[in-house]
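As they're listed, the protein sequences go chains A and B. Read in our numbering, the first sequence has 218 at position 218, and its numbers run on one by one without any break. Read in our numbering, the second sequence has 126 at position 126, and its numbers run on one by one without any break.
Among these hints, one or two may not hold up.
Unchecked claim - Going by beta-carbon spacing under 10 Å, a handful of chain B positions derived as facing chain A:
id : residue
1  : Ala37
2  : Leu54
3  : Gln60
4  : Ile192
5  : Gly200
6  : Ile203
7  : Arg206
8  : Thr255
9  : Leu257
10 : Thr304
11 : Asp306
12 : Arg331
Unchecked claim - Residues of chain A placed beyond 10 Å of chain B at every Cβ, according to the derived structure:
id : residue
13 : Ala26
14 : Ile289
15 : Gly290
Rather than coming from a laboratory, the hints here were simulated on the basis of the structure. Small disclaimer: the values here were computed from a predicted structure and weren't measured. Glycine included, each C-beta is placed from N, C-alpha and C at the ideal position.
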Amino acid sequence: MKLDYAPLQRDLAEVGYIADEALAMALCLMIGLGRPLLIEGEAGVGKTEIGKALAQVLETRLIRLQCYEGLDANATLYEWNYQRQLLAIRAHERDAMPSEAIERHIFSEEYLLRRPLLEAISQPASPVLLIDEIDRADEEFEAFLLEILSDFQITVPELGTIAARSIPHVVLTSNGTRALSDALRRRCLYSYLDFPDERKELVIVRARLPGIDRRLAEQVVRFAQLLRREDLEKTPGIAETLDWARALVGLDIASIDTDPDAVQASLICLLKTEADLKRVPREVAARLIGKVG
Amino acid sequence: MIAGAAARVSGFIAHMRRHGFSAGPAETELVLSVLAADEVPGAAAIRLALKTLLSGNREQWARFDELFDAYWFGRGVRIVAPAQAEAGARNRSPRPKIWDKALLREETASAMGRAEHSQGNGGGPEGRGTGRLIASRSDALSRTDLRTLITPEEAAEAERIAERLARAIRYRLSRRRTPARRGEMIDIRRTIRRNLSRGGEPIELRRKHRPERPVKLVVLLDASGSMEVYSRYFINFMRGLIGGRLHADAFLFHTRLVHVADALRERDPSVGMTRLSLMADGFGGGTRIATALKTFNDRYAKETLDSRSVVIVMSDGYDTDSPQALAVELRRLKRRAHRLVWLNPLLGWKGYAPVARAMAVALDYVDCFATAHSLASLAALEGELARL
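Let the sequences and hints guide you as you build the complete structure.
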């Protein structure tokens, strides 16, 4: 068990993910203790990206389970391939195969469609299991997930119990659209991801867009930071900043104070609702650009 | 690991527990095992590690550093500890400063009341409990002049109606399918399984359907001066809605918003009432509906509302905020909630038209605008809400 998170932080930076100390430590503990990590934060702070970056660093598979309301066991564990089963029954009937043999055959692993959770525990090497937006799934699913995350085994009535070949690294993310149960919170390590400060965001932009002009990157980040302080419906996240930076580079804009029209038009990368766009008209944008300097 | 360190760590866990963290022996063990396994990496790293291990939500995450410093470095203990202890106590909404003046007169009475709370919902000697209630009741009377103080029969009636109302709007279709004999879809998984003995020929079909799932209810009650006559029995009505088995949440607002679901769930209605009346008449005066709704949208809406939520606002619509602000907040509210119902007691008055500017604005966003000036009118809502 190592508490030294610096190597992991460096590795993450190498694959383009800038993690602060708290997050690097959380990931370190998650790997060391083999416990799931629950990450909360506003939309667009890079929660989902953690899973991808971690899988890259650990050189392992990323298995992603996107949660939604109504998600149930069939969609997360396994399903039988009914069409193939029906075809197999027909085919074997012609061969005059005894019905028990057919049954054994069609309920073999060959006909099993693995869904993310089953897939995750049957990997030879620990994969990263990203359970995205757990707050969107219903409470029943949360309870069910708890059971899987503590036992790491899945029972298929027709096949028997499938035990985990390796314990996955589990990352859960939540946007806080619903209060999660205390039981789940206790099972998990916890980390809260805030919007990055200016320095960190600049590093992220430059890591993701190596070609960007240094001065433009600074302006973009400074503008995004100022914009977050405005009273907006949907505060722009890092993804939005990156989109905007990409757009400006694509438009061949060297500095955001040179071409107000193009900048104003490209603000749609940062502001995602009509009300927010109206709240940042030309004058407000000009004021912010003035502050960026 | 030396024994002294272990004792210090378990002391730290106890310290965190006192401040509302859900940490116990299992966490102590975990922390010790983490600390023991590595050469000591320095205070900063340990702090981060413990933060990850012990925090469970955003609030705890934000408060951790302060508490950590308080325990290990003795910084700000005096200030931090008492203040946090109050905030960490559960099942009790923090008491706004403004009540203190009102509470001073019955300090002994409310002290007894608090003792009763800590014993876990009653169980205190009969005589003490009654004495306290009389005290706070007369107190509430003297301060708020509730002329239409509700009789027990009326209160019971309000709760009964609320219960029926809750039943009327209890269900909505879920997206998850479950087996059903007369479902509208064929459940292939079960059909195949069922017909194995017939060589896989789907003779006997299994079906599934979309079940109904409970609606969530969020009630926002205007407890301002202009609503005073009605708020008493609306509160009973709210109790009925909340007390039912459905997911529900309740808020009072006047110039600001107070979360009152806990007080409403109080098993002893009189204790709950006392707590509520303290909340309600502590402020009184004007109404700032838009501000209250903004607080709700900013702080609570994301967690409490989803596509199965019905929001009920009970207000006369006399607002000191601008109608534009109200429109903005109602639009935000409407986007998160499934249905928005506005109950206005004034609508029952003869010749009333929603001329209050706020009300005129609100009509654009409301799915159901109904009267609520009497118990009979509340009962009439049942049919209205069942259709929502």
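Legend entry - Hint numbers contradicted by this structure: 6, 7, 8, 9, 13
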